[in-house]
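Student: Next come the chains, spelled out residue by residue.
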Amino acid sequence: MLNFIAKRLLSGVITIWFIATATFFAMHAVPGDPLTQEKAMTPAVRAQLEARYGLDKPLFDQYRLFLGNMLKGDFGISFTQENRRVNDIIREHFPISAILGVAAVLIALVGGITAGSVAAYCRNRWPDRMVMIAVIAAISVPGFVIAGLAQLVIVAMNNAAGKTLLPVAGWGSVSQIWVPALVLGLGTMAYLSRIMRASMLEVLSADFNIAAKAKGVHGWRLFFHHQLRNAVLPVVTELGPTIAAITTGGFVVELIFAIPGLGRYFVQAVQQLDYTVIMGTTVFYGAFLVLVVVLVDISYGLIDPRIRLHRGRS
Amino acid sequence: MAISVFRFAPKTWGDADEVEAVAPLPLPSMASPTVILSALMVLFLLLFVTVGPLLWKQSPSQQWLSQISDGASSAYSVRIVSDNGAWRPSAKNDLPRGLTVHAANTEYVRLHWPKLAGVERYRIYRGDANKPGLGLAMADTGDNYYQDRLQLSREVYRYTIADAETGLLLFAREVRPEPAMSAFEAQLQGLIPLGGNEEWVDIPAHPLGTDALGRDILARLMAGGRTSLFVGVVAPLLYISFGCIFGAIAGLMGGWVDQLAMRFVDFVVALPFLLFMILFRVAFGIGPGENGIMPLIVAMLMLSWPGSARLIRGQVLALRSQPFVEASRIAGVGTSKIILRHMLPNVLPMILVAFSFAIPQAIFTEAFLSFIGMGVSPPTTSWGALCNDGIKTLLSHPRQLLLPALLISMSVLAFNILGDALRDATDRRSGVVRA
Amino acid sequence: MSLLNLESLQVSIGSVQAVRDVSLSLQPGECRALVGESGCGKSVTAMSLLGLMPNAAETAAQHWQFAGRDMAHLTERDWRKLRGNQIAMIFQNPMTALDPTQTIGAQIAEPLRIHKGLSRRDAKKRAIALLERLAIANPAQRAEQYPFEFSGGMLQRAMIAMAVVCEPELLIADEPTTALDVTVQAEVLCLLQEMRESSGTAMLFITHDLGVVAEIADSVSVMYAGQTVESGSLTQVFTTEAHPYTQALKRAVPSLENPRPLEAIAGTPPDLRKPPTGCGFAARCSQRMAVCEQAPPPMSVGDSHIARCWLWHEDHPRRWRDKDGFTNASVIGRSRR
Ligand SMILES: Nc1ncnc2c1ncn2[C@@H]1O[C@H](COP(=O)(O)OP(=O)(O)O)[C@@H](O)[C@H]1O
Ligand code: SF4
Ligand SMILES: [Mg+2]
Numbered sequence: 001m002l003n004f005i006a007k008r009l010l011s012g013v014i015t016i017w018f019i020a021t022a023t024f025f026a027m028h029a030v031p032g033d034p035l036t037q038e039k040a041m042t043p044a045v046r047a048q049l050e051a052r053y054g055l056d057k058p059l060f061d062q063y064r065l066f067l068g069n070m071l072k073g074d075f076g077i078s079f080t081q082e083n084r085r086v087n088d089i090i091r092e093h094f095p096i097s098a099i100l101g102v103a104a105v106l107i108a109l110v111g112g113i114t115a116g117s118v119a120a121y122c123r124n125r126w127p128d129r130m131v132m133i134a135v136i137a138a139i140s141v142p143g144f145v146i147a148g149l150a151q152l153v154i155v156a157m158n159n160a161a162g163k164t165l166l167p168v169a170g171w172g173s174v175s176q177i178w179v180p181a182l183v184l185g186l187g188t189m190a191y192l193s194r195i196m197r198a199s200m201l202e203v204l205s206a207d208f209n210i211a212a213k214a215k216g217v218h219g220w221r222l223f224f225h226h227q228l229r230n231a232v233l234p235v236v237t238e239l240g241p242t243i244a245a246i247t248t249g250g251f252v253v254e255l256i257f258a259i260p261g262l263g264r265y266f267v268q269a270v271q272q273l274d275y276t277v278i279m280g281t282t283v284f285y286g287a288f289l290v291l292v293v294v295l296v297d298i299s300y301g302l303i304d305p306r307i308r309l310h311r312g313r314s
Numbered sequence: 001m002a003i004s005v006f007r008f009a010p011k012t013w014g015d016a017d018e019v020e021a022v023a024p025l026p027l028p029s030m031a032s033p034t035v036i037l038s039a040l041m042v043l044f045l046l047l048f049v050t051v052g053p054l055l056w057k058q059s060p061s062q063q064w065l066s067q068i069s070d071g072a073s074s075a076y077s078v079r080i081v082s083d084n085g086a087w088r089p090s091a092k093n094d095l096p097r098g099l100t101v102h103a104a105n106t107e108y109v110r111l112h113w114p115k116l117a118g119v120e121r122y123r124i125y126r127g128d129a130n131k132p133g134l135g136l137a138m139a140d141t142g143d144n145y146y147q148d149r150l151q152l153s154r155e156v157y158r159y160t161i162a163d164a165e166t167g168l169l170l171f172a173r174e175v176r177p178e179p180a181m182s183a184f185e186a187q188l189q190g191l192i193p194l195g196g197n198e199e200w201v202d203i204p205a206h207p208l209g210t211d212a213l214g215r216d217i218l219a220r221l222m223a224g225g226r227t228s229l230f231v232g233v234v235a236p237l238l239y240i241s242f243g244c245i246f247g248a249i250a251g252l253m254g255g256w257v258d259q260l261a262m263r264f265v266d267f268v269v270a271l272p273f274l275l276f277m278i279l280f281r282v283a284f285g286i287g288p289g290e291n292g293i294m295p296l297i298v299a300m301l302m303l304s305w306p307g308s309a310r311l312i313r314g315q316v317l318a319l320r321s322q323p324f325v326e327a328s329r330i331a332g333v334g335t336s337k338i339i340l341r342h343m344l345p346n347v348l349p350m351i352l353v354a355f356s357f358a359i360p361q362a363i364f365t366e367a368f369l370s371f372i373g374m375g376v377s378p379p380t381t382s383w384g385a386l387c388n389d390g391i392k393t394l395l396s397h398p399r400q401l402l403l404p405a406l407l408i409s410m411s412v413l414a415f416n417i418l419g420d421a422l423r424d425a426t427d428r429r430s431g432v433v434r435a
Numbered sequence: 001m002s003l004l005n006l007e008s009l010q011v012s013i014g015s016v017q018a019v020r021d022v023s024l025s026l027q028p029g030e031c032r033a034l035v036g037e038s039g040c041g042k043s044v045t046a047m048s049l050l051g052l053m054p055n056a057a058e059t060a061a062q063h064w065q066f067a068g069r070d071m072a073h074l075t076e077r078d079w080r081k082l083r084g085n086q087i088a089m090i091f092q093n094p095m096t097a098l099d100p101t102q103t104i105g106a107q108i109a110e111p112l113r114i115h116k117g118l119s120r121r122d123a124k125k126r127a128i129a130l131l132e133r134l135a136i137a138n139p140a141q142r143a144e145q146y147p148f149e150f151s152g153g154m155l156q157r158a159m160i161a162m163a164v165v166c167e168p169e170l171l172i173a174d175e176p177t178t179a180l181d182v183t184v185q186a187e188v189l190c191l192l193q194e195m196r197e198s199s200g201t202a203m204l205f206i207t208h209d210l211g212v213v214a215e216i217a218d219s220v221s222v223m224y225a226g227q228t229v230e231s232g233s234l235t236q237v238f239t240t241e242a243h244p245y246t247q248a249l250k251r252a253v254p255s256l257e258n259p260r261p262l263e264a265i266a267g268t269p270p271d272l273r274k275p276p277t278g279c280g281f282a283a284r285c286s287q288r289m290a291v292c293e294q295a296p297p298p299m300s301v302g303d304s305h306i307a308r309c310w311l312w313h314e315d316h317p318r319r320w321r322d323k324d325g326f327t328n329a330s331v332i333g334r335s336r337r
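Residue numbers (the working numbering), protein chains in the order written: chain S, 1 to 314; chain B, 1 to 435; chain L, 1 to 337.
In isolation and in its complexed conformation, chain S is listed as follows (with noise of 0.2 Å):
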């Protein structure tokens, strides 16, 4: 077992020096040079960029510069705001960013979860016909128009109760969390529920759910047991592509709900090619969510007997 989280750790390594290095070529294919843009900036700030990133070396130099600082956890200072280091700014809107985004995982694994459940129990008759419905119509409306029409309804709800039921906008309280988390794990929620349901419906008529019953077992305990346990891991294996679908579908949730979250920022950074804020934004994320893939491989095997100890012996 750890000889398998050391290998899947070293990978998830690689795989964000892969995604560091893919960033800053990126940037560097930016037509021009980014700092002689006509970008509104003191000479002081940019006499000060020219030497952090060494833009008058070879490109080679410039790219070890950019990692040895990236390896300090130094990603320098924001173009357009000259006082802000990329690092604060980050310290500052991750955990916002991401306590709305655990809220959004959890609330879309549990109501998915649920849902996929009820609809495989109940296959063809009217709580599986409503979920599938449900999923279809979230599947294909987009997150922000989610998010759009979430705000016309609490709007309408606010104008018929006449008082401030829940807050349009805003972050703070607790209903400025769940209404965004709800928003922002819809989708996802819709998209484990149809998950959930083919596996329940598998797990339902297979042999071994047969034979737990032709031993007695039943209600609860055959459910969380043999049916939960068996079909919940294929939405575990979804979990990284999950979490990489919230936190981006958290910009645009961020930018709608005015949360100041980490993705709220990263979209006006990149509104307003503010280079380094995007440049360290981007590692950061791709870091984070390259971590959570290796954690959720971790988990895993932690659910699953066969991987834990195959992957752990090998």
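Hints in this document: simulated from the structure, not taken from any laboratory. Hints may contain errors.
Stated by the list, open to error - Below 30 Å or equal to it, Euclidean Cα-Cα: the simulated DSSO-like pairs (lysine-lysine) are: (1) K131/B x K163/S; (2) K116/L x K11/B; (3) K163/S x K392/B; (4) K115/B x K131/B; (5) K274/L x K250/L; (6) K116/L x K81/L.
Bear in mind that the values here come from a model prediction, so they are computed numbers and not experimental data.
Here the structure of chain S is known, so what remains is to put chains B and L with the ligands in place on it, guided by the hints.
Tutor: Leaving out everything else, chains B and L with the ligands in the frame of chain S:
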């Protein structure tokens, strides 16, 4: 129970298999109502963006400044009025008998009433004719005329003249201003040539209303759809083709080439997709006058090809070890012929399925990027960019977000259903599409 | 008093009449083999005996008694207490019938925890002891392993352990050796026989392998197209087979003592979505008669030997001799050869 003996006589019923044949279970077919509906939906969308602009000839970038964020409206004519500032009635019609309207259009309403003895100052009210009450107090004046130029629209107003001191109501009249536009504005919008002196100009209908800049939403939906569907179809076409070639080469070459190629694929797969879409999109930049579609497609091409490369490579490897391919090889059939004869028919259905699932994915990606302003650049538009425009006026005019969103959802849904049906119809083992 | 008495069981799943008329009886400690081609409804019969048919299935029986209880009106609650406790089942494919995410030990201990209310530790101990009795080396260590770490034969032994751990009165084994290597088959059969004899459990042994039947069964029921077509003691059914289907079945099995050309049974079983109105075997029967257009009721061949075939009707010319004092079923059976 006694049975007569002859009933026990041996009996032959002809063939032993004379049992009634039972109809075989129906194969899943592609012609289910949902599939037909989605095919029609796709057809409708394609016609909407191709034939649509031919029938609906409005320019998607024409701004109707008089109709900003309007609802649905039908066509009407507008009087061009000269914009000559202050007005006073000419001397000869100095004595109207009651409250007289000299002109009533959406640029100005000119009122004239007789002077009454004992009233020094008049107060003019304007209200909605359908509502009780005087409405807004427009002005206090010592004159017996008034020109109203305050944000007039084409509804029925009721003007009331009252004594400013006593509040005594003197005259009242309902007025419906006719549509009008100042010559200056008309020239600004290019409706009349500079220095032209047309009296009337036709304003076309806006069946779906106008957006926050007064542009016709229907025309914009058509123009935007063209971009969205173009990206949605062309980008997958390109990256799947590239992926197929890459995967086929890797699979056919085998050995270290294959190993190296697949390591590379692993790394590209590990790149977070949307993040790098944004990054590449920034890196490619958009020069002046470019519409940003090419960078989008190239970025998608660079990031999306590994899926089909893996698929094809796996298939090629699986097929290479199949006895019939070995047999053809031993029989001296050339590689290209083997590919054409055996591999293509086997992998083509899979590619088709992958393609039909890639289209909604690409449409989504384009919408996402355009929504955060990293997609196409104005004046070119797309459904995602329209959503971006629409979200700004969401709370006051939700239509501007919902209409493009509806089209995105429709196309994604339709292509997904078609992909599902295609996948179900494709027999994985034989690689045959059942119609 | 018999342990199980089932008369005229009928099960239809949707449009499929999977079981049309099955009668079975079992004495305590008896081992009855249920033989038939695949698809004839053996597994459906077994699942019905456990009350485990899907909701879409409709089950009916004229008479259905188990251990003195009327089973036709059992509530789901009563069924649960029965399953794994008084009636247990061994499944055909141990590779898929064990939960891949639970340890073998936990799965064997589960019935004890549910039915006997044993603590986790005690149940585990009993499970390990049972594994040891089933000749599994290192049982304590093995109990902590997962199904994928076991070989097929060992899995089937675990499956047997799971079934017998509560010492049920009736053990249903649905083709327990079909999925196993031939070398392991005999071993598993032996163990099964041993477990059964030591605890005095009655067994319904489902198989399509006549060779296995001879080894293990006391009595035999033959099924064809959802019906029991013949039943009797092992010797009755094997030496004086009465139904043309049983005869054909025997001719299709190689025999060492009596080498002869094998004969496959021509034709295919009827489609159970539209079962024939007359005798189910008529389409393939070489002794078919005019009367076979009507469904034959079960008819007595001899002492507790029953066949569902018009040949054994008391009005059939060949039975006339019986009435005159000839009691010789085998004469008729043999006369056809
Ligand atoms: N869950 C089910 N749904 C529909 N038909 C079924 C189901 N289970 C079994 N059948 C049908 O019932 C018949 C008997 O099946 P089964 O009892 O499994 O045969 P076997 O004797 O090989 O065990 C078959 O024709 C099969 O198609
Ligand atoms: S009833 Fe008739 S058809 Fe059926 S098995 Fe007997 S002889 Fe053959
Ligand atoms: Mg069976």
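Student: Holds or violated: K274/L and K250/L, Cα atoms, limit 30 Å.
Tutor: Holds - the C-alpha atoms of K250/L and K274/L are around 27 Å apart, at most 30 Å.
Student: What's the verdict on K163/S and K392/B, does the C-alpha distance respect the 30 Å limit or exceed it?
Tutor: Cα-Cα ~23 Å, so holds.
Student: Check whether the Cα positions of K116/L and K81/L lie no farther apart than 30 Å.
Tutor: holds (10 Å)
Student: Is the Cα-Cα distance between K115/B and K131/B 30 Å or less?
Tutor: holds (28 Å)
Student: Next pair to validate is K116/L with K11/B; report whether the Cα-Cα distance is within 30 Å.
Tutor: Roughly 59 Å between the alpha carbons, so the hint for K116/L and K11/B is violated.
Student: Is the straight-line distance between the alpha-carbon of K131/B and that of K163/S 30 Å or less?
Tutor: Holds - the C-alpha atoms of K163/S and K131/B are around 27 Å apart, at most 30 Å.
In this structure, the one hint that does not hold is number 2.
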